[in-house]
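Trainee: Next come the chains, spelled out residue by residue.
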Amino acid sequence: MKLPIAACLFLALTAARVNAADDALCVACHDEKGSPVHASIHAPLGCTGCHSDIKGFPHPGQIAKVNCASCHADAAAALAASVHAKASPQLCEACHGGAHEIVAVKDPKSPVYPLNLPRTCGTCHGNKEFAQQHGIADVYSEYMDSIHGFALTKDGLLVAATCSSCHGSHDILAPSDSKSRVNRANIPSTCGTCHNGVEQQYQAGIHGQAFAAGNAGAPVCTSCHTAHQISGVRETAFQLKTSATCGDCHREKYGTYRDTFHAQVSALGYTETAHCWDCHGEHGILPASDPKSPVAQANLVETCSKCHMGASASFVTYSPHADARNGKDYPALHASALFMNLLLAGFLGFSALHTLLWFIRLRAEKSRAGRSKA
Amino acid sequence: MSSAAENSAGNGARYFTRFTPVQVVLHAVLVVTFLGLAATGLALRFSGAASSRALANLMGGFPALIFFHKFLAVALTVDFLYHVADIGYRAVVKKQLWLLWGPNSLVPNLNDIRGFFGQIRWFLFLGPKPQFDRYTYWEKLDYWGVFWGMAVIGISGYAMWYAPLFARLVPGSWLNVALLIHGEEALLAVSYIFVVHFFNEHLRPQNFPMDLTIFTGRQTEKELEERHPTEYARLVESGELQRLQAAAPPAWANNLSRVFGAVAIVIGIVLMILTVEAFLSQ
Numbered sequence: 000m001k002l003p004i005a006a007c008l009f010l011a012l013t014a015a016r017v018n019a020a021d022d023a024l025c026v027a028c029h030d031e032k033g034s035p036v037h038a039s040i041h042a043p044l045g046c047t048g049c050h051s052d053i054k055g056f057p058h059p060g061q062i063a064k065v066n067c068a069s070c071h072a073d074a075a076a077a078l079a080a081s082v083h084a085k086a087s088p089q090l091c092e093a094c095h096g097g098a099h100e101i102v103a104v105k106d107p108k109s110p111v112y113p114l115n116l117p118r119t120c121g122t123c124h125g126n127k128e129f130a131q132q133h134g135i136a137d138v139y140s141e142y143m144d145s146i147h148g149f150a151l152t153k154d155g156l157l158v159a160a161t162c163s164s165c166h167g168s169h170d171i172l173a174p175s176d177s178k179s180r181v182n183r184a185n186i187p188s189t190c191g192t193c194h195n196g197v198e199q200q201y202q203a204g205i206h207g208q209a210f211a212a213g214n215a216g217a218p219v220c221t222s223c224h225t226a227h228q229i230s231g232v233r234e235t236a237f238q239l240k241t242s243a244t245c246g247d248c249h250r251e252k253y254g255t256y257r258d259t260f261h262a263q264v265s266a267l268g269y270t271e272t273a274h275c276w277d278c279h280g281e282h283g284i285l286p287a288s289d290p291k292s293p294v295a296q297a298n299l300v301e302t303c304s305k306c307h308m309g310a311s312a313s314f315v316t317y318s319p320h321a322d323a324r325n326g327k328d329y330p331a332l333h334a335s336a337l338f339m340n341l342l343l344a345g346f347l348g349f350s351a352l353h354t355l356l357w358f359i360r361l362r363a364e365k366s367r368a369g370r371s372k373a
Numbered sequence: 000m001s002s003a004a005e006n007s008a009g010n011g012a013r014y015f016t017r018f019t020p021v022q023v024v025l026h027a028v029l030v031v032t033f034l035g036l037a038a039t040g041l042a043l044r045f046s047g048a049a050s051s052r053a054l055a056n057l058m059g060g061f062p063a064l065i066f067f068h069k070f071l072a073v074a075l076t077v078d079f080l081y082h083v084a085d086i087g088y089r090a091v092v093k094k095q096l097w098l099l100w101g102p103n104s105l106v107p108n109l110n111d112i113r114g115f116f117g118q119i120r121w122f123l124f125l126g127p128k129p130q131f132d133r134y135t136y137w138e139k140l141d142y143w144g145v146f147w148g149m150a151v152i153g154i155s156g157y158a159m160w161y162a163p164l165f166a167r168l169v170p171g172s173w174l175n176v177a178l179l180i181h182g183e184e185a186l187l188a189v190s191y192i193f194v195v196h197f198f199n200e201h202l203r204p205q206n207f208p209m210d211l212t213i214f215t216g217r218q219t220e221k222e223l224e225e226r227h228p229t230e231y232a233r234l235v236e237s238g239e240l241q242r243l244q245a246a247a248p249p250a251w252a253n254n255l256s257r258v259f260g261a262v263a264i265v266i267g268i269v270l271m272i273l274t275v276e277a278f279l280s281q
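Chain order of the listed sequences is A and B.
Numbering that gives the first Met the number 0 numbers the first residue of the first sequence as 0 and each following residue consecutively.
Numbering that gives the first Met the number 0 numbers the first residue of the second sequence as 0 and each following residue consecutively.
Please note that the accuracy of each hint is not assured.
Stated by the list, open to error - Okay, derived cross-link-like pairs now, SDA-like style, lysine to any residue, Cα gap no bigger than 20 Å in a straight line:
#1 LYS365/A - GLU225/B
#2 LYS252/A - SER172/B
#3 LYS365/A - PRO129/B
#4 LYS54/A - CYS67/A
To be verified - Taking beta-carbon pairs under 7 Å as the criterion, some of the chain A residues facing chain B (in silico):
#5 LEU267
#6 SER311
#7 PHE314
#8 THR316
#9 MET339
#10 GLY345
#11 LEU347
#12 LEU352
#13 THR354
#14 ARG360
Said to hold, decoys possible - Derived, one-sided and incomplete: chain B residues facing chain A with beta-carbon distance under 7 Å:
#15 VAL24
#16 PHE122
#17 ALA166
#18 GLY171
#19 LEU178
Just so you know, the hints here were simulated from the structure itself, not pulled from any lab data.
From the three backbone atoms N, C-alpha and C, an ideal C-beta is built for every residue, glycine too.
With the hints as constraints, model all of the structure from the sequences given.
Mentor: Structure, rendered in structure tokens:
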């Protein structure tokens, strides 16, 4: 028999007096005086509220297993369909705490209170050996060092994303399941639950449009930001590595970027230089052919001026992706590279040969002098 | 006093001035600034190399690195312009026209071509060792190579330093060319100085481990006669030799020169090795 929670509470409250009298009977044997059962959210239900098969005293030695689902039917149904269904025989207690100590989710003492949830999930998902043994994700420490983890632990924000914000609670599904909140197809909307403004920008941009069109290669939030290790976007480490992330797909553009001073500065570990997003934008990236794009021809002076004071129409004819090997698009650069390579090879080749001949001649002279002396 | 002369070049050797004190100082500044520019510049050119990152971190990051690069660039520019002004003043105002043409000038002439082919014949055992005047063809090549390099690297460097201003004078797309030739010409300069110049002037068996003439400004009579026989004969014949005679360099000057030269050569060779390594692994 499955009763809605409200009905359970109603019964519990109206039956409180009777139950309290029953409880007095129970504690005659089961000394639970010091037990937090009295602080449990289920205390008003009385012992028989959960141990409903006990009808009187004495009761049989073997009593039935408490069925949380008799009140919490929705949660139990969701759990039964989730990845955790076969995880543990004491499923409810594994996350919510011992049966007699269960407190409300909103209670700061609850193991599933937002501030405590990562540690609770981390019991399994933060235990390297256990995770390896059971083939589950070991991501607790990654999360704790992420911007979401810091928001929770350092800033104490209840709105910070915890495990359940992205994965759900009772209804957690494997990421490969198309209905999972963290399935690739659902990631923008899952992150967009909190980062809604960003989601809107993303959907208006070329990446979001490609994603909506079903392009399997289109990046989603986690492609650039990662899942559990998400760091602040102003963090040096994030800024230094993320141009290369763009380069995972935009290989050629990243290659030509690396030939520029912008990239050289970044490679030395300094972030105040142009990265991909400084010119192209971040979430709402648009192709240069779109007049709203910061790299559209008409917007280049403004975009370059963000760093280069005094940038002019002439200045922006500089190409941040010039390719010296491409003679068709960059004839002057291509010719200069050819000239410099010939100059280098020719001059150094000539000098090296000259030096070598000189050295050989001097050795020969020395050994001849040595012989004539002898 | 006499012991210093004995220490440095045998018993009572006579010394003759080859470079003026101004030229000695200009070369020393050139050495210091070139090494610093090479180290900081190569770190940018090969910014992916671990040694580049290490140098940048050691100096206090990219801002410090680029500060030193620019500071040294200005110092070398002053050095370069001082030299040009010095030559210009002496040639034009003091009418020392021999600076611009003739056996004492660094301006190339037909004798250099003869000297070059003579030297190649000598290399190949096809002729006698050629007789050189005040400047050999490879010394002139050293000089003009550095002159050309400073002009090319300097102009492209200042173009990038003042990029928006530069783009008002010429198309901004030239800035792409500027970075390319700045880096390539620098590689040429570094390779040339740290391999060819070091060998020609310092490390080759006759001069090993280094020739102190550019540091003390003076050479012995034997050195003058061996290296520049035509000049020596000319100076003896005209009686000018006497006028060029100088005191033996004091011991401190020789020692300082050795330390300075040795440090410069070692730094140069280390930079060269790192450059080759970075070049091959890029």
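Trainee: Look at each hint and say if it fits the structure.
Mentor: For each hint, the structure was consulted:
{"no.": "1", "hint": "LYS365/A - GLU225/B", "result": "holds, 16 Å"}
{"no.": "2", "hint": "LYS252/A - SER172/B", "result": "holds, 18 Å"}
{"no.": "3", "hint": "LYS365/A - PRO129/B", "result": "holds, 18 Å"}
{"no.": "4", "hint": "LYS54/A - CYS67/A", "result": "holds, 19 Å"}
{"no.": "5", "hint": "LEU267", "result": "holds, 4 Å"}
{"no.": "6", "hint": "SER311", "result": "holds, 6 Å"}
{"no.": "7", "hint": "PHE314", "result": "holds, 4 Å"}
{"no.": "8", "hint": "THR316", "result": "holds, 4 Å"}
{"no.": "9", "hint": "MET339", "result": "holds, 4 Å"}
{"no.": "10", "hint": "GLY345", "result": "violated, 10 Å"}
{"no.": "11", "hint": "LEU347", "result": "holds, 6 Å"}
{"no.": "12", "hint": "LEU352", "result": "violated, 10 Å"}
{"no.": "13", "hint": "THR354", "result": "holds, 5 Å"}
{"no.": "14", "hint": "ARG360", "result": "holds, 5 Å"}
{"no.": "15", "hint": "VAL24", "result": "violated, 27 Å"}
{"no.": "16", "hint": "PHE122", "result": "holds, 4 Å"}
{"no.": "17", "hint": "ALA166", "result": "holds, 4 Å"}
{"no.": "18", "hint": "GLY171", "result": "holds, 4 Å"}
{"no.": "19", "hint": "LEU178", "result": "holds, 6 Å"}
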